Amino acid sequence: MSDLESSIRETAKNLLTEGKVDLILGYEKGALPLRAAPCFITDPTDVDRLVFDYSCDLNLAKFLREHPEKKLGIISKGCVGRGVIHLVVENQLNKENITIIGIPCQGVINRSRVIRKIGEREILEVKVENDKLLVKGKDFEESLPLDDYINNLCKTCHYKSPPVADITVGEATASSLQDNFEDITSFESKTPGEKMEYFKDELNRCIRCYACREACPVCYCSLCFIDQNKPVWFGKTADITDNFIFHMIRALHVAGRCVSCGACSSVCPMGIDLNLLNRKVEQIVKERYNFESGISLETPPPMGAHKFEDGQEFMIEED
Amino acid sequence: MVEETKQAAKGEASEEWKPKIIAFLCNWCSYAGADLAGVSRVQYPPNIRIVRVPCSGRINPFFIIKSLSAGWDGILVSGCHPGDCHYISGNYVARRRFAILRDLLIFMGVQPERLNFTWVSAAEGERFGKVVKKTVENVKSVGPNKMFEKDW
Amino acid sequence: MMQKMISKDKISKFISVLQKEYKIFGPVREKGDIVFKEVQSADEMDLDYLNSKIPPKSVLFPMVDTLFSYKKDGEKVEIIENKPYNKVVIFGIRPCDAQSFYLLHNFFNFGKFKDPNFLDRLLNTVLIGIGCLNPRNTCFCTSVNGGPFNSEHVDILLTKFKENYFIASSTDDGDVILKKMDFLSDAKDSDVKEIEEMQKKVESSIKIIEDLEDLHKILDNMYEDPLWEECALGCLGCGTCSYLCPTCHCFDVVDENKPDGSGRRVRIWDTCQFPLFTLETSGHNPRTNKIQRARQRIYHKFNYYPKNYNLIGCVGCGRCILYCPVSNAARVGEHIGPLAWKSMNFIPSAAIASRLGVLFLSLP
Ligand code: SF4
Ligand code: SF4
Ligand code: SF4
Ligand code: SF4
Ligand code: SF4
Chain G
183 MSDLESSIRE TAKNLLTEGK VDLILGYEKG ALPLRAAPCF ITDPTDVDRL VFDYSCDLNL
243 AKFLREHPEK KLGIISKGCV GRGVIHLVVE NQLNKENITI IGIPCQGVIN RSRVIRKIGE
303 REILEVKVEN DKLLVKGKDF EESLPLDDYI NNLCKTCHYK SPPVADITVG EATASSLQDN
363 FEDITSFESK TPGEKMEYFK DELNRCIRCY ACREACPVCY CSLCFIDQNK PVWFGKTADI
423 TDNFIFHMIR ALHVAGRCVS CGACSSVCPM GIDLNLLNRK VEQIVKERYN FESGISLETP
483 PPMGAHKFED GQEFMIEED
Chain W
4 MVEETKQAAK GEASEEWKPK IIAFLCNWCS YAGADLAGVS RVQYPPNIRI VRVPCSGRIN
64 PFFIIKSLSA GWDGILVSGC HPGDCHYISG NYVARRRFAI LRDLLIFMGV QPERLNFTWV
124 SAAEGERFGK VVKKTVENVK SVGPNKMFEK DW
Chain B
86 MMQKMISKDK ISKFISVLQK EYKIFGPVRE KGDIVFKEVQ SADEMDLDYL NSKIPPKSVL
146 FPMVDTLFSY KKDGEKVEII ENKPYNKVVI FGIRPCDAQS FYLLHNFFNF GKFKDPNFLD
206 RLLNTVLIGI GCLNPRNTCF CTSVNGGPFN SEHVDILLTK FKENYFIASS TDDGDVILKK
266 MDFLSDAKDS DVKEIEEMQK KVESSIKIIE DLEDLHKILD NMYEDPLWEE CALGCLGCGT
326 CSYLCPTCHC FDVVDENKPD GSGRRVRIWD TCQFPLFTLE TSGHNPRTNK IQRARQRIYH
386 KFNYYPKNYN LIGCVGCGRC ILYCPVSNAA RVGEHIGPLA WKSMNFIPSA AIASRLGVLF
446 LSLP
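Chains G, W and B are the protein sequences, given in the same order.
Numbering-wise (this note's numbering), the first sequence opens with residue 183 and increments by one.
Numbering-wise (this note's numbering), the second sequence opens with residue 4 and increments by one.
Numbering-wise (this note's numbering), the third sequence opens with residue 86 and increments by one.
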């Protein structure tokens, strides 16, 4: 158990015993290595289930809307906290009911990448030691460079600790990261054909399980556009055109709202990488409207605001 | 001589293909502008089909993506100039929406030439003709839209 | 029923002989995942795989399955029926997945509602399985009437043995195929004995969950149990556990058309975990919350299925445990949650453990 974990448990226990919250939302060990599950604690004696490590890739903010009557405490790494704040800004949550317990995050491991590397061998144990990721199975043991298996979005994350928190556990980390969206610029040097080819190739394997949508804190619509059938707008088959359009519109819908947690890719059973889309929408709203989601309770989201001077360089002129 | 024949053949081939362009025009400015273009006998290519909407703010990005997925070769969207919206701010909302939509679509590999946005006022019949001409040129330069064709 | 040996390097010959008559589907590694795909040669297959991510039900019950298509010419509409199915061999299928076809067959052949697409394909399919030498920690086929070398639902079963495969047919179709292969060698009695011992050893390494046979009776009295609430808490309500389940068979039917007036009717996978699944035309939805949906999946497999077909609706492949995006502790592997926890040294909350205790009286 790390120091951070014991402070998390301590804090959770105090909040519960003092009656400040009815429910603590955190992470617990999942059933398999590299898995963390959401954990709902109401009984202070249960706090020892709480963990926090490289496997905690879900965005817990997702689950808050399901408990509108309760006073909640949420163990928040940076993007979880951002998720909560953004949902408050969108009037989906009542901040008064929520205690954000901020914790520092080191990033999460990209599980699909590890599994692809290990191949058809069963992973029985995964450990992090310094800058190495140790993966063990029945008759193999591999030591992988940790940095290569950290999620891309974590590498560009500016908010390892939540920008707004009610309680801070552990050392809050500030980021000095210079992000000029080089990944996006380099992708954009491709031709339109190549770009489409890349996405079609990646999205081809999508099985339309919608885990990406269900895990996303800002995808909370009671009836998602893809489920609308009066009229049917877009196809629900797992054909590549339908997959492409589904992901295109989902990316559009999370523009200015996505908190770059990467949960949508982490949960994908097919290991589909949606990070590039998350990064692109992050860049669009940052560069066009100087907006970052979930960092302030005051700033309205860009799709809910407008200015006379907003850029319109893309408008066609007659000559 | 051979070169010339080739050129001519090329010209013919591209002549055969007539782009289909869907235009979403707001009722108060752009549709009236198109009307004026008609009344003033402004010449413009006949490749567009107009859908009249109350305001550019009414244009759901679905309309645009659905049109592309249904095989329209290009899109033209036009509303009132900034400051002139009949509903005060509909076109500002629309502008942000289109900016994001356009950036994202281009990022995913849709050719920018297919996505045409502009402002045309009720008095700009002339401008409407020019905008359509420009749009048709744009779309012609990228050819037919087969991006979302299903292969069954 | 025949028992032979085939050396590893003859597998490609085996495949090419089969190819004269059949389309071959086999386990192929694609972007790191194993999927069942049509193959042209044995080299394309990875026969040392653990199990495929998407179950081979996708061959008989594809994710997108055209039921019929049509063309329109003025007022005339021409309906285009599907072509008759080719004869297919699914090569390298795991015994649990082969068993799933047997379960699916019950559903698609139920009463007077026979599904021609699935049944025609099934009739034209020969299953050549491969026994599992390395069952995963998450496998529990032996608790649901299966086993890593169960030949009951395949036509032919291969078991890897040194540089060879032990190859045994268990049906007439299997015999016919093996007779065509004149390059097989006889299996020595001593080898067969050794192989059987090895099989037993592997089989006994798989943990047993004892009370699954009686689970449906226990479930009869648990419909309103608070356990389901616990199960639903962290569940996303996604399609993963059912889409990747070899025995889940639910589908939706959608019509598609093109601007030129042609169109098709397709069936696509669907799942009881989506709210839309039970939404009726009237607007009424009998299953409005996640709790009811979580319960449905468990009841379908372990209560309704046993009642309707006298079988457990699960083959123990463990995919739901492996792929559930949230590793849903209360629900993971649904009934086998505690088993998975035990193997991972995971201590469930007192609350969950005591609730689940009702279900899992004897943990290994
Ligand atoms: S779109 Fe993905 S990265 Fe963005 S908030 Fe949703 S789950 Fe997180
Ligand atoms: S994809 Fe769009 S419509 Fe669907 S849930 Fe997300 S935000 Fe809502
Ligand atoms: S989670 Fe993955 S497979 Fe499921 S719908 Fe999203 S991208 Fe597709
Ligand atoms: S568990 Fe759900 S999806 Fe699977 S077969 Fe049963 S009702 Fe269908
Ligand atoms: S149990 Fe897991 S895989 Fe199944 S619906 Fe819930 S989150 Fe998805």
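Keep in mind that the hints were calculated from the coordinates and are not lab data.
Computed from a prediction, not measured in an experiment: that's the story for all the values here.
Please note: incorrect hints may appear among the correct ones.
Which chain G residues stay away from chain B? Per the calculated CB distances, all over 12 Å, these [as the list claims (entries may be wrong)]:
| hint | residue |
| --- | --- |
| 1 | I332 |
| 2 | K342 |
| 3 | E376 |
| 4 | D409 |
| 5 | I477 |
Straight-line alpha carbon distances no greater than 27 Å define the calculated DSSO-like cross-link-like pairs of lysine-lysine that follow [stated by the list, open to error]:
| hint | chain 1 | residue 1 | chain 2 | residue 2 |
| --- | --- | --- | --- | --- |
| 6 | W | K149 | B | K343 |
| 7 | W | K133 | G | K372 |
| 8 | G | K372 | W | K137 |
| 9 | G | K202 | G | K277 |
| 10 | B | K95 | B | K343 |
Note that the Cβ used here is the ideal one computed from N, Cα and C, for glycine as well.
Numbered hints the structure breaks, given as an ascending list: 4, 7 and 10
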